[in-house]
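Participant: If you read the sequences in order, they're chains A and B. Counting in my numbering, the first sequence runs from 253 upward without gaps. Counting in my numbering, the second sequence runs from 253 upward without gaps.
By construction, these hints were calculated from the structure, which means they are not laboratory data. Mixed in with the good hints there might be a few duds.
[Stated by the list, open to error] Simulated crosslink set (DSS-like; lysine-lysine; CA at most 25 Å straight-line): (1) Lys345/A <-> Lys394/A; (2) Lys437/A <-> Lys480/B; (3) Lys392/A <-> Lys321/A; (4) Lys487/B <-> Lys288/A; (5) Lys394/A <-> Lys480/B; (6) Lys487/A <-> Lys517/B; (7) Lys480/A <-> Lys288/B; (8) Lys487/B <-> Lys345/A; (9) Lys488/A <-> Lys345/B; (10) Lys488/B <-> Lys392/A; (11) Lys394/A <-> Lys321/A; (12) Lys480/A <-> Lys394/B; (13) Lys488/A <-> Lys392/B; (14) Lys528/B <-> Lys487/B; (15) Lys528/B <-> Lys345/A; (16) Lys517/A <-> Lys487/B; (17) Lys437/B <-> Lys517/A; (18) Lys394/B <-> Lys488/A; (19) Lys480/A <-> Lys528/A; (20) Lys392/B <-> Lys487/A; (21) Lys517/B <-> Lys528/A; (22) Lys517/B <-> Lys517/A; (23) Lys480/B <-> Lys480/A; (24) Lys345/B <-> Lys487/A; (25) Lys437/B <-> Lys480/A; (26) Lys488/B <-> Lys288/A; (27) Lys487/A <-> Lys394/B; (28) Lys345/A <-> Lys488/B; (29) Lys517/A <-> Lys528/A; (30) Lys488/B <-> Lys517/A; (31) Lys288/A <-> Lys480/B; (32) Lys528/B <-> Lys517/A; (33) Lys288/B <-> Lys488/A; (34) Lys487/B <-> Lys394/A.
Fair warning: this is a prediction, and the values are worked out from it, not measured in the lab.
There are 2 protein chains.
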Amino acid sequence: MHKINYGISPQFYCDLTVILVSLATMQKVTIIGSGKVATQLALGLFQANIDVIQVWSRTSENAENLAQKVQGQFIANLSEISNEADCILIAVKDDVIHELALEIPQGDYIIAHTSGTKLMQELNTHKNFGVFYPLQTFSKTKSVDLNTIPFCIEGNTELVEHRLFSLASKLSNDVRIVSSEDRKKIHLAAVFACNFSNHMLTIAEDILTSSGNNLSILHPLVNETIAKAFLQSPKKAQTGPAIREDQEVLSEQMQLLEGSPEYQKIYQLISDSIQKT
Amino acid sequence: MHKINYGISPQFYCDLTVILVSLATMQKVTIIGSGKVATQLALGLFQANIDVIQVWSRTSENAENLAQKVQGQFIANLSEISNEADCILIAVKDDVIHELALEIPQGDYIIAHTSGTKLMQELNTHKNFGVFYPLQTFSKTKSVDLNTIPFCIEGNTELVEHRLFSLASKLSNDVRIVSSEDRKKIHLAAVFACNFSNHMLTIAEDILTSSGNNLSILHPLVNETIAKAFLQSPKKAQTGPAIREDQEVLSEQMQLLEGSPEYQKIYQLISDSIQKT
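Bound-form chain A, shown alone (with noise of 0.2 Å):
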């Protein structure tokens, strides 16, 4: 972790004014976006009492509805950025990150990225920099409570962490300092447990509607399974053929799949990892 050098203050000078700055709280954030992350984040701002004064996105017109809904400014251009704004979170797609904080002016405020995979260096061309990851999925209209939410802060100095973990410690409860290469780790490690895990109820639906059932059937059965993996440790709560080394079952199911090659593949791959663990 980098740390500032003050020029002439002593280091305990130096922790002390991080201390006295991260419990100014920033008042005023501008949000850069109007997707699911920006408005769920202007929305959770807004509640705890923190001035959203600004909302900017490639589309307007969202963005116009998601500054009314916090009682921000729309600004139509990035150059209508206001120097009093205290942090400006950028909540768009990856791949436009880097130009947006190249169009951005220089200010006094923190940059911060919201996404899971990128670094925090993309920010670098401006002063203070960070990250601002909530590890969650997001939807537009359905609401969610933050407060669980664990949060990701990584800052460009030592005040800068501190001020994004202050910010988002009015957000929720649960919020970590990560390193870039850490977070690229737990976001490779949510592909798995959740998209993954999402594309496995997509196969199961596929099978039950097949038959003329449908997924609710699972539902409380995969609630429990999630909550003994959780509970226990999911390499401890494994249950199932593969586990088992059930090779009747093993065979049964995968005749079963055979006008699917591709399940089949997936079926055998996953079962041979299970029994290798």
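Could you slot chain B onto chain A? The hints should help.
Facilitator: Just chain B, lined up with the frame of chain A:
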């Protein structure tokens, strides 16, 4: 579905019998087994004021313990099974169901197994037989609310089916008549939705612990992912780099997995499958 022929009785008389007999509660149940399913079913029946009159298990000590909990009689030999039983539930490992069924004396009772994969016909040496399959993962100690658990029922006659349906309805609000064939498909879907999703969590935990984090950071995200999948359908709810066709993140994540060719294979195969869907 089979229909029984009462010889001289016309169809309406048959139907009336079915209705009347199924209205008569099954009051006495014998449990074969003392594992997780046997334990939770016995406790559930006991709480629903059904007499669990006898308990038998290969492990006598466990059977004795369970019998005590449900105020039933422990029996050391299957030959001691009482003719008073209305139903004998065989809740044991799949591969011993058939041999145990052969050892159980013939009687007027209904014999049903609780397996997700075994055919009802495993029990066809008896007069009245069926399936009583609770679609849930059980622990011996963690009690589960049976009330919302889907019970898949099958019977060799309509009468048997009605009586098993009626018994299951004492435990749960979600009881369904399901053929052996459909039950196998439901079980296969459950392997994907639960066993394989759980393995995705195992891999996620592995990735997280290797970078000094732990699985709990993903708990809110996984819960929300599952909730969304059942609310919208998993196909619609799919997120992540694969569905976005984000080649940059996909290849970066493959690189992060370089130490584990097994995880790379899984990552590649499931990402491809998501893109095909």
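Participant: Name the hints, by number, that the structure is in violation of.
Facilitator: Those not satisfied: there are none.
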